[in-house]
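Each chain, letter by letter, is given below.
2 protein chains.
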Amino acid sequence: MQTIRTAKAMMAWSSAHHREGVTIGIVPTMGALHAGHRALIRAARLSCDAVVVSLFVNPAQFGPKEDFSRYPRKLKADTALCAKEGVDVLFAPPVGEIYPDGFQTTVSTVKLAHRWEGERRPGHFDGVATVVTKLLTLVRPTAAFFGQKDFQQAVLVKRLVEDLNLGARVIVSPTVREADGLALSSRNVFLTPGQRRAATVLFQALKAGRAAIRAGGRSGANIQQVMRKTLVAEPLASLDYLAVCDPDTLEPLAQIRDRAVLLGAIRIGEIRLIDNLLVTC
Amino acid sequence: MQTIRTAKAMMAWSSAHHREGVTIGIVPTMGALHAGHRALIRAARLSCDAVVVSLFVNPAQFGPKEDFSRYPRKLKADTALCAKEGVDVLFAPPVGEIYPDGFQTTVSTVKLAHRWEGERRPGHFDGVATVVTKLLTLVRPTAAFFGQKDFQQAVLVKRLVEDLNLGARVIVSPTVREADGLALSSRNVFLTPGQRRAATVLFQALKAGRAAIRAGGRSGANIQQVMRKTLVAEPLASLDYLAVCDPDTLEPLAQIRDRAVLLGAIRIGEIRLIDNLLVTC
Chain P
-2 MQTIRTAKAM MAWSSAHHRE GVTIGIVPTM GALHAGHRAL IRAARLSCDA
48 VVVSLFVNPA QFGPKEDFSR YPRKLKADTA LCAKEGVDVL FAPPVGEIYP
98 DGFQTTVSTV KLAHRWEGER RPGHFDGVAT VVTKLLTLVR PTAAFFGQKD
148 FQQAVLVKRL VEDLNLGARV IVSPTVREAD GLALSSRNVF LTPGQRRAAT
198 VLFQALKAGR AAIRAGGRSG ANIQQVMRKT LVAEPLASLD YLAVCDPDTL
248 EPLAQIRDRA VLLGAIRIGE IRLIDNLLVT C
Chain E
-2 MQTIRTAKAM MAWSSAHHRE GVTIGIVPTM GALHAGHRAL IRAARLSCDA
48 VVVSLFVNPA QFGPKEDFSR YPRKLKADTA LCAKEGVDVL FAPPVGEIYP
98 DGFQTTVSTV KLAHRWEGER RPGHFDGVAT VVTKLLTLVR PTAAFFGQKD
148 FQQAVLVKRL VEDLNLGARV IVSPTVREAD GLALSSRNVF LTPGQRRAAT
198 VLFQALKAGR AAIRAGGRSG ANIQQVMRKT LVAEPLASLD YLAVCDPDTL
248 EPLAQIRDRA VLLGAIRIGE IRLIDNLLVT C
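In the order they appear, the protein sequences are chains P and E. If you use this note's numbering, the first sequence corresponds to residues -2 to 278, in order. If you use this note's numbering, the second sequence corresponds to residues -2 to 278, in order.
Excised from the complex, chain P in its bound form (with noise of 0.2 Å):
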């Protein structure tokens, strides 16, 4: 495994590998990599010829009181990891070659950038969809590989690839989650045992809203109700939302026809965890 450190260095590893008319995936990461990143590091290495795992923690999609500078960095492990998954590259690029100085372009993809979790969190996703427009120019992968556990996320990069003509295919892997529920996130770290328990409440509020259109519930305003209950009653989480969406554009859904996803974010302590479901009736 190659690890790949410059912004030039990555365009001329492209270059030659679409030369040769190889197929690149590409797995955008930030890092401090678990067993979700695994699995879309599996999924990359079954469909395309050659895999580049991106790890570059993000400044821009920080907010100035987000966990930028406490993000967890465990660029020792991670590349190990890599190595094990029989990854071709580890793009880790410091801030500079990202943002170079003078650096001033941004990419929004309006709508789905504010609602959800950016209405909570203001320029999150312009962070995320400029850098991920940057990934895709700079490797031009065949494919992108997203973790559905960020589902607004994944929409919108569906959204912006598109919209840009960034030509790649975007797969989205289903969730992966410990054992009693929990899905699997970088910041579950900064759990305390207690905190660890109490935050499957999320994972249990969705299940209950699932199960609820599966015994034949239709009414968006009702799910929300089944799943506040589970939630509220785990005193250490704090509400911050629980949606019933369309799952293309994460509107709210006042009545449910074939597909909904079911969104959810709380917090535990100074934790924000987001989890979701897609259901389909």
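Derived by calculation from the structure, the hints in this document are not laboratory data. Be a bit skeptical, because a hint or two may be false.
[To be verified] Per the computed footprint, the stretches of chain P lying under chain E, defined by three or more beta-carbons under 8 Å from a beta-carbon of chain E, are:
| id | segment |
| --- | --- |
| 1 | 99 to 106 |
| 2 | 123 to 131 |
| 3 | 160 to 172 |
Think of the CB as a built atom: it goes at the ideal place given N, C-alpha and C, for glycine as much as any other residue.
For this one, chain P is given, so just place chain E on it according to the hints.
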């Protein structure tokens, strides 16, 4: 010469030519081609194996009160000019190919987009940045050719291409002028004969500024005053702005050191005209 109308066909053409190792030049235009565009096509023809001229009157770069609907459209003459100049592909997509249903992504070069033309034409440069990004991802050219007449646009495109790693060289060709100095523009056809005579005052003003610098003037305010004096002598012209700026950042210069760009915009009747001169001390 081949005319391509869909994004998909354009990408297919580009991929096929990339596989052959061919260099591609693009000349992005809004049609109504004149000798200024022809100079860009010839520059592309000389330095690239294959030349694409795009012809797209981009609604996103016109304001609600601007001249999108009356912008001159001359597809037949444009096609003939391109064929005569040895263009390989005329890319003339309908609006729905560039902005399909659900399209919502905007590219913005934050600082450069909001001064001078951007200040007078809100949203204009976001429209330019977005469509240029799309043209470059669809065609993936080796080089892209722009006219110096739209100086701010050229600076912004250079910035954008670097920031988003779009991988094309941006070539800026000198402004082509009428015998009396008026910069060629597709909008000049709207001028009445009297307005046409008056329109040269913009170039006269810029030349007066240049002469003052060449005579040793270094104060931005003084040079601006010199240009202004020339301009206000023409009763048919109303001043929008005349500025002495840094050619890279387009920030106003209090004191000129080695290089400056003189930027000007005026209105003659309903018609807005811009021009500029680069001056090296």
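Flag every earlier hint the structure violates by its number, smallest first. none
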